Each structure stands twice: as structure tokens, then as C-alpha cells.
Amino acid sequence: MRRFLRSVGRLAFIGVWIVLLFLIATNIQSGWLYVIISFLLLLCAVSVVMPWYMMRRLRVRVELPGMCERGSEAQATVFVENAGRAAAFIVKVKLDGGGGLEFEPPGLVLMRVAGRSAAAQAASFRPSRRGPARMGAVELSCGAPAGIYTVRRSFDTGASTLVYPKISQKKGEEMAGAAADMSSGRREKFFALEDPYNYRLREYTPGDSLRRLHWKLTARRDRPIVRIHERKIYGHAGIFVDNLRASYGPGGDAEFEELLEQAVSLARYLLFTRGSSVTIAAAAAPELSLESPDSWPMALKWFATIRLEDTPAGAAGPAVGPAEPDFAFAPGARRKGAAT
Amino acid sequence: MSASTAASITGVFNAPYKRPGEIEHSLPLRGMTFLAVALGIFVAGKNSELFGPLAIGIGGTAAGYLFSYARRGYSNWWLKIILALLMIAAGYVYINQMLFSMRDHILILTELLIYLQVLHSFDLPRRKDLIYSLVSAFMLMCVGGVLSLTVEYGIYLAVFIAIALWMLVMFHVQEVSDRARIRGETKSALPVLGRLLAALALGFPVFFVAIPRYQTHQFANLPVSGQLRSQIEKFTGSMMYPEAPNSAAGIAGSGGGGGFTSSSDTYLSSGDAYFGFVPDLNLNNRARMSNKIVMKVRTARAMYHRGMVFDKFTGSGWKISNLEGRQLSQAGRKSFFNLTTTQLPDYRYGMPDFQEVYSSYYIQRDLPNIIYAPYRPDYLYFPMSTIVIDRNLGMRVPAVFDEGTVYTAISHVPRVDPAFLNMPRRNLCSGGVKAHCDQAFLTPGIRKLAAEAAGDSTGALERLVNIQKYLLRNYKYDLDIPPAPRGRNAVDYFLLEEKRGYCEHFASAMVLMARAQGIPARFVTGFAPGEYNPITGLFTIRGSDAHAWVEVFFPMAGWITFDPTPAGPVGPALMKQTTPLSFFLDRYFAGYREPMQKLYMRLVKVLNTATAAVKRLGAAGAAALACAVAALLAGLICLLRRRRLSAELPPANRAVADAYDSVLRRLARARRPAPESATPLDIAELLPAEAADEMKALAALYSRAAFSGGETGDDEKAEAQRLAASIRSRI
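Chains as they are written, first to last, in my numbering: chain A, 1 to 340; chain B, 1 to 731.
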């Protein structure tokens with residue numbers, strides 16, 4: 001009702017003016033007032049018809065990244081397709097998000113969408129909840145030309161993404177502090193984990209570090225070639241995540257989320273910075289073995305989808321990777337329910 | 001006072017605005033709002049001739065806009081208090097004037113609006129305030145429109161509309177930009193403003209013509225100009241004429257305008273005089289009236305504006321038997337006259353049905369002291385303390401009319417039922433209308449002709465219409481006729497010999513022929529309705545609209561107007577509502593009226609025949625026919641739609657789109673319809689896994705064909721058709 005009133009409020013305001021002027025015009029036979037009334041009536045008609053006509057063949061589509069980090073800014077792409085011949089003007093896309101996706105700013109205004117074309121625009125958002133997130137309805141509104149009446153349409157874009165817990169390098173380092181003492185205590189740079197002599201070559205793809213460029217070959221072949229080094233494995237680590245609801249008290253969800261943030265930060269630190277292979281186990285989720293950074297997306301998916309379970313029924317699953325870890329660590333060890 | 005005290009006082013007066021996000025910083029927007037407001041003040045002030053408030057308004061508003069821009073960041077609480085007090089004072093002055101002043105209410109309102117606009121302009125921190133300013137500027141434009149008598153106002157209105165629309169678009173852009181990222185420049189929205197203006201320009205005539213124009217009761221003071229002063233001391237109803245410029249003759253007026261003369265000869269010798277406005281009208285006179293505008297009349301109906309009414313035929317012309325009338329006076333500066341209190345014969349006749357008509361007269365040239373009004377004037381708003389009304393309801397005042405004089409008459413115009421008027425009556429000439437049946441100067445020739453023209457009908461109306469038709473049929477309108485021989489009855493000469501004449505001849509002839517038939521009639525001079533201007537809503541009356549016509553008395557109905565001059569209406573000249581539609585039809589399509597009527601009648605006949613045929617078919621037949629028509633219409637719509645789509649895309653692209661559509665149709669048939677918002681890639685997800693990849697490929701082809709603007713190749717078309725066939729088989 002409020003939305004309806006908001007849509008027609010200005011029309012109603014002009015309508016009141018029209019009635020008032022009509023009364024005065026019939027009262028004093030002023031031709032110019034009839035001119036003004038005609039203008040206002042026409043303005044109302046045009047203000048309803050024009051946006052409706054422009055909106056008629058507009059569609060909106062949103063593409064979200066496959067996975068994104070909770071609380072961190074991510075980019076979505078909004079496509080506004082205009083299948084009509086006429087251009088549409090001052091089109092607003094309201095990205096209310098829903099499903100824990102908070103767009104900032106929550107709106108996008110396209111001043112002009114040419115006929116038979118699609119306009120793409122990046123939009124930033126921050127996922128506020130871990131887990132699968134499905135975007136809510138997107139509202140497309142067009143109030144051109146003078147904003148007297150706005151036509152609104154909702155589109156269910158069906159766009160979804162997977163939100164994994166927030167990763168903190170610092171938190172990973174802190175959590176691994178004890179573990180670092182337990183193992184070799186080495187803190188090496190990323191490149192130190194790579195075998196400098198064993199590498200393969202491939203063409204550069206966006207995202208590759210420029211430091212990997214093989215300059216000689218790049219110059220010779222006239223296209224960028226990068227080196228992909230074999231990795232050294234420095235030991236094996238195990239992380240146990242307790243996802244049994246009984247282990248947490250009331251309001252345990254927040255505690256569990258915090259634990260997951262620690263776990264994922266630790267896993268990343270161990271895998272990327274320490275060069276260890278990591279086995280992640282849980283009380284009620286399949287076990288996961290990470291041998292190299294290539295398997296990191298699997299870990300993110302694992303962390304994105306794990307939930308608190310009432311029973312350890314889902315815990316079964318073959319362990320992949322070294323049988324005996326050099327060390328084992330459970331994030332939140334000092335908390336209730338977490339175990340080393 | 002210490003420095004810290006001074007600083008704290010300054011701080012109190014310079015407290016920042018509480019919601020800085022709402023402050024409007026845009027200088028162009030403020031500038032355009034000021035332009036709109038200044039234009040509104042200018043138009044309202046100019047048309048109401050309130051030049052003092054106009055100057056204060058524009059100067060004050062300019063200062064106010066500068067001040068409010070400079071202090072937009074402050075709360076200005078102290079200023080708000082001052083402005084509120086000043087607004088209360090302005091409201092008090094307004095109410096006081098409305099209650100106790102005789103000024104036109106619209107002028108008082110205009111003054112108030114201008115002063116409020118000035119006060120408001122000092123406190124415009126937010127965008128919302130600018131919109132309020134724009135709305136009040138719009139009110140001033142409306143006031144200006146009400147007061148405007150010319151089409152010049154249209155230029156100001158067009159400028160105002162352009163500024164207001166530009167501002168609305170800007171406001172709209174700013175509004176939608178709130179908490180949103182903008183892609184594209186604001187100026188890229190300008191085409192939409194162009195389209196809007198084009199739509200308004202093209203669609204405006206349709207709306208303007210279609211709006212009905214009614215007349216409702218006046219609820220405000222009626223337009224009256226400032227008081228005129230009596231130019232002679234003792235006035236009994238004599239004629240007064242404006243003195244020709246640079247004329248030494250005549251009596252200088254004592255004030256309230258230029259000089260005047262009471263000599264009709266002096267008046268008739270001046271260039272623009274009409275010989276119908278003298279007490280002794282001579283039918284042998286004829287002056288070609290100029291085409292200059294003499295007055296503008298604001299009224300809902302096309303009416304004859306009677307000025308002088310003659311009852312006595314003199315053989316060569318007409319005379320008012322008694323020029324002296326009853327004097328009505330008002331004490332003080334009141335300008336309202338209730339004419340019905342005079343108890344003149346016209347007010348004693350019963351009038352079973354009538355319509356109240358308001359007519360406001362805006363005098364554009366100096367005119368004799370005659371008050372023009374449609375028959376029967378009951379109330380008058382005139383800017384003088386004295387008027388005189390004679391026995392035939394001719395009204396005069398003790399001063400000539402200056403340019404700029406404004407007055408309003410409220411008339412009760414009889415609504416006539418022709419059947420009622422045509423009822424046979426025994427003696428129409430009894431009572432107070434005996435003088436209008438005067439048989440003097442009725443020659444045997446006129447009597448014979450009247451009897452011949454009237455026919456043997458018993459109804460008065462029918463006899464009158466027959467006379468009118470006879471005159472229209474057998475006599476020509478001609479301004480270049482020689483005068484009647486000396487001593488010859490002018491009407492007899494016109495009817496029996498010359499057979500050519502002008503409106504005074506036709507009207508005189510009809511009056512005498514009616515009297516010959518025993519029907520009371522009188523001769524009236526004044527102005528024809530004039531030319532209606534649908535834009536200003538005013539009737540423009542020129543010197544050449546001076547006219548003569550006939551009033552005929554019918555018991556229980558009053559005096560009814562007849563205009564026997566060729567091109568006049570046959571039968572009673574009823575008041576006619578003029579609307580833009582009737583104006584345009586009359587002006588541009590008058591020649592098509594008859595063929596259109598014939599066409600309409602033919603259509604009605606065809607429809608009647610068709611209806612009869614359907615009735616013969618019975619219910620089942622009619623249902624079958626309705627189905628057939630519906631199917632035909634549906635087929636036509638499909639065909640048109642297909643043709644439209646085909647017209648939008650090149651054939652190969654269309655083929656790809658068709659292939660894509662065929663998949664959608666198959667999905668719908670399989671009860672898995674794609675949502676309206678679904679993109680091609682979304683649809684791929686609705687399909688079985690083995691068809692999803694093919695659908696993605698088809699979607700890519702479709703996107704290219706439909707949206708890229710480029711032309712699709714034959715191989716792509718074939719590929720799309722192959723993919724579509726494959727997908728369809730898998731659904």
C-alpha cells in the first residue's frame with residue numbers, strides 16, 4: 001500500500017491541482033487555466049506512459065562470483081538488457097540483495113540504456129552471512145521523464161554465490177604460532193616454498209603474478225609465458241573442526257562462525273605460507289585433504305557449506321593425504337567443545 | 001563584552017544545519033528556481049498591474065535567494081522566527097483586505113502570494129524548499145493566466161514550463177541518485193526532456209480541445225476596475241460620447257478620464273462611431289466600422305451584448321421614446337447594483353426557466369456611456385456609484401468608458417422551449433408591451449408582405465420564423481446601398497424596392513413585420529458575440545461587430561432575441577456554449593458538417609441493418625459470428641505482431657530468435673515455462689543436463705542476433721536451428 005501511494009502520490013498531487021484549477025477555470029472562464037490544465041493532464045499521461053513504454057522491454061540480470069569471502073568487498077556484474085528499439089532513460093536498479101548480500105551503494109542508475117543493447121555495470125557488495133547465498137529480487141524502476149510517476153518491476157535474477165568465512169592472515173599466523181614451534185618453526189616466503197629448478201611453462205593468463213614471467217621466452221615468442229613451479233611440501237598438518245551443536249552453548253552459532261574463521265585462516269596460512277599439506281576433519285562432515293594451493297577452492301567450499309549438526313552422522317568419509325600429521329590443531333582449542 | 005561571550009553569541013546565531021545531507025548546494029538548480037519564481041512574479045504582477053509588489057517581489061526574491069545560498073549551511077532559527085512573524089502579518093493584511101476592501105480578490109491574493117514568495121526565498125536550505133518555491137511560482141503563473149487578456153502570456157508560460165520541466169528532470173535525477181552509483185552523464189538524460197517536450201507539444205491540442213468548458217457559480221468578487229468618477233452632476237440617462245482626440249469641441253470631463261461630448265453629430269463624425277448608438281437612429285446612415293478591438297468579454301456563452309433598445313419607429317429610423325430612466329445609486333465605494341429592484345416591466349414578467357450567465361467586460365477603447373450586457377441583466381458590478389436604466393433595460397452611466405474599464409453583468413437568459421413559444425395566443429400586445437406593437441409607419445405594402453411571409457400559422461414563433469426565412473431568402477446583405485429617397489419610409493423602401501440592406505434594415509423590417517402580425521417587437525443595437533479565443537477564453541469584440549437585431553416578446557417567457565440578418569441563426573438566437581472543439585469545428589470544418597452528417601446517417605443505417613441481421617441469426621448464430629470476429633482479430637494481432645518483430649530484426653537474426661522462441665514454447669508446453677525475467681543462460685539451467693550446453697550455445701547465438709546490432713550469418717542461423725531442434729527433442 002505504501003509503495004502504491006508512493007508511486008501515485010505525485011500524480012495525486014497534480015490531480016488535486018487539476019481539479020482545483022478546473023473549478024476556478026469554470027468559475028471565471030479563464031482560457032489560460034484550461035491551457036494549464038491540459039498541460040498538467042498531458043504531463044500526467046506522458047509521465048505514466050513514457051516510463052511504462054521504456055520499461056516494457058527491459059530485463060535485468062546479475063552475475064555474482066562463484067565464491068566470496070564473508071565481510072569482504074566483492075564485485076557483481078549487473079546487466080540491464082533493453083530489447084526494445086527505443087532507448088530507456090534514468091533507469092534505476094535497486095540491489096536490495098537479500099540473502100545476506102549487502103550492496104554498497106544499494107542502487108545503480110543508468111542514465112541511458114540504448115535500444116537493443118545491454119549495459120553492464122559492476123556493483124560492490126559484502127556478504128554478511130556464511131554459506132550459500134541467493135540474491136533476492138532486483139527492482140528495476142524508471143520514473144522518467146520528470147519523476148512524477150515511477151514504474152517498478154521486480155526481477156528474480158536467481159543469482160547465487162557461496163560465502164566462505166572471513167580469512168585473516170594475522171589470525172592464521174597467531175593460530176599457527178604454537179604449531180610453528182611444534183614443527184620446524186620456519187617462516188618462509190611464498191617463493192621459498194617453490195622448487196626453483198622444477199617448473200613447467202604455460203601462457204600467461206590474467207591473474208598470474210608478473211614475477212612468474214619467463215622474460216626470455218616471452219621476448220622470443222612475443223607473447224607472455226609464465227613459469228609454474230613445483231611446490232615443496234613441508235610437513236603435514238591436521239585441523240579438526242568440531243561442528244556438533246551439543247559442543248556449543250546457546251548462541252553457539254556465532255561462536256561456531258568465529259571458530260570457522262580461525263580454522264580457515266589457519267588452513268590458508270599452513271597451505272600457502274608454510275607449504276604444509278593440510279587435512280581438515282570435522283565431527284560431522286566429510287574429511288578434506290589439501291595437498292597444494294590448487295585444492296584451496298575445495299577448502300573454501302568446505303568451509304562455506306559446513307554447518308552445525310546435531311549428530312556426528314555425516315562424519316564418515318575417507319581421509320585423503322598423509323596418515324599421521326606432524327601436528328594437529330583445532331582452532332578455538334581453549335573454547336568449550338573444541339579439541340586438539 | 002568579552003571575546004568569548006561574543007563568540008558564543010555568534011555561535012548561537014550560526015548554529016549549523018542539523019541535517020547537512022539535505023542541503024542543496026547546486027547553484028544551477030537554485031538559479032533556475034529563481035528564474036521560474038521571478039517569471040511567476042513578473043507575469044502575475046504585470047497582468048494585475050501591481051507594479052509596486054512586482055518590483056519588491058523580484059528584488060526581494062533575488063536578495064532572498066542570495067542570502068539563503070550564502071547561509072545554507074546554518075540552521076537560521078532566528079530568521080525562521082522573523083519570517084513566521086512576517087508571514088502572519090501578511091496573512092492578517094490579506095484577511096483584512098478580503099473582508100473590508102472592495103478590491104478584486106484576485107489582486108489581493110496576488111499581492112499576498114508575491115510577498116510570501118519573497119519571505120520564503122530567504123529560507124531555502126533544502127532541495128524540498130526549492131520544489132515548494134517552484135510550486136508557489138506555478139501558483140503565481142496561474143494567477144497571471146487568470147488575469148491575462150492576451151496570448152502574450154503563452155510565451156511566458158512556455159518559458160516557465162521549459163524551466164520547470166528541466167528542474168523536475170534534474171530533481172528526479174538527484175532523487176534517484178540517492179544512495180546509488182550513476183553510470184552515464186546527466187546530460188545524456190536530456191533527450192528524454194526533448195521527448196517530453198515533443199510529446200507535450202503534439203498531445204497538447206488534443207487535450208485542450210477535449211476538455212469540456214462549463215460555467216459554475218462565481219465564488220469570488222467579480223472583476224471590476226477602479227472607481228470611475230461621474231463626469232456630469234445631474235444625470236438622467238442622456239448619451240455621452242468620448243471626445244475625439246485633439247478636438248476643441250465638447251465639454252471637458254471633470255475627471256476620471258478624457259473629455260466627452262453629448263452631441264451625437266460630433267460622435268458620428270468621428271471615425272469609429274456606430275450610428276446605432278445614438279438616440280435617433282437613422283437607417284440611411286452607415287459608417288464602416290473599424291476592425292479595432294473595442295472590448296474583450298469573459299463569458300461562457302456566445303451572447304448578443306445589447307446596448308441601446310429602440311421602441312419607436314420614425315419612418316426613417318428608430319427612437320427611444322423615453323431616454324430618461326430610473327436612477328440607481330450606491331453609497332460609498334460599493335459597485336454592486338441589483339437591477340431587479342427597479343420593478344421595470346421586464347422584471348415583472350415571469351420567466352419559467354432561465355440560465356444565469358456571467359459576463360465580464362474589459363473595455364479596450366473609449367466608448368459611449370452605454371453599459372452592454374446580455375438580456376436580461378439582473379445584477380451589475382460597475383465601478384460607479386450611479387447608473388440609469390431605462391424602460392427597455394438600456395443602461396447608461398454619467399461618464400464615458402475609458403480604456404481599461406472593467407465591469408461584470410449577471411444576466412438571466414430565458415431558456416426557450418420552441419413548442420411553448422409557438423402556442424397560439426389571443427392577444428400578445430396587451431399590458432406593458434403595447435408600445436412595442438405600435439402600428440405607426442406600417443404601410444400597406446409592409447402589412448401585405450408580412451401577412452404573405454408569415455403564412456397562415458397560428459403559432460407566433462412559426463410566423464416569426466417564416467418572416468425571418470422570407471427575409472433571408474429574398475433580401476441581400478449589402479453595405480453599399482444608396483439612401484432611401486427623402487420622405488420615403490426606409491423599411492418600406494428596403495422591403496419593396498431596394499431589397500438590399502444591412503443589419504439595421506433586416507432588423508427594422510422584422511420588427512415592423514412582427515408588429516404588423518400583432519407580435520410585440522423592439523429594435524436593439526449593441527455588439528454581436530465576437531470572435532472566441534479558446535486560448536484566452538475571451539470573446540474579442542471589434543468595432544465591426546457592432547450590430548442590430550430584434551427582441552420579440554412572448555408572455556411567460558420574456559423577450560427573445562432574433563437575428564434576421566443573413567448568416568444569423570434561423571429562429572430564436574439561443575445562447576451557444578463555445579468550446580475549443582466547437583470553435584475549431586466551426587472555423588475549420590464548417591464546410592464538412594453536412595457531408596459528415598450524411599456519412600453518419602449512412603453508418604447508422606448500416607449498423608441498424610447489421611443489428612437486424614444478427615437478430616435474425618439468433619443466439620447461436622450471433623455467438624458463432626462473435627467467435628469468428630474474435631478469431632479474425634486474434635489472427636490479425638498475431639500477424640501484426642509478427643510483422644512488427646520481423647521489421648525490427650534482419651531475416652537471419654529473426655530466424656535465430658525464432659529458433660530460440662521455439663525452445664521456449666516447447667518448455668512451456670512441457671509445463672516448465674521460463675520465468676519472464678529469465679535470461680537465456682538461466683533457461684539453460686532449466687533444461688536437462690545434456691541439453692544445457694546446447695542451450696548455452698543457442699543463447700549465445702540469440703544474444704548476438706538480438707542485441708549486438710550486427711547481422712547474423714547463414715551458418716549461425718543454420719547452427720541455431722540445429723541446436724533448437726536438438727534441444728526440443730531432449731525436452
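FYI, nobody ran anything at the bench for these hints, they're computed from the structure. Among the hints, a few may not be true.
[What the hints assert, rightly or not] Beta-carbon label-pair distances, calculated as ranges:
no., chain 1, residue 1, chain 2, residue 2, range
1, B, V209, A, A120, 25 to 33 Å
2, B, Y17, A, V16, 50 to 58 Å
3, A, P196, B, E711, 35 to 43 Å
[Unchecked claim] Below 30 Å or equal to it, Euclidean Cα-Cα: the simulated DSBU-like pairs (lysine-lysine) are:
no., chain 1, residue 1, chain 2, residue 2
4, B, K234, B, K187
5, B, K469, A, K301
6, A, K94, B, K696
7, B, K615, B, K469
8, A, K171, A, K94
9, A, K301, A, K216
10, B, K615, B, K696
11, B, K128, B, K234
12, A, K94, B, K598
13, B, K598, B, K615
14, B, K18, A, K94
15, A, K94, B, K448
[To be verified] Covered stretches of chain B (chain A as the covering partner; in silico rule of three or more C-beta atoms under 8 Å from a C-beta of chain A):
no., region
16, 53 to 61
17, 109 to 117
18, 485 to 492
Just so we're clear, the structure is a prediction, and the values are computed from it rather than from any experiment. For every residue, glycine included, the Cβ atom is placed at its ideal position computed from N, Cα and C.
Numbers of unmet hints, in rising order: 1, 2, 3, 4, 5, 7, 8, 9, 10, 11, 12, 15, 16, 17, 18
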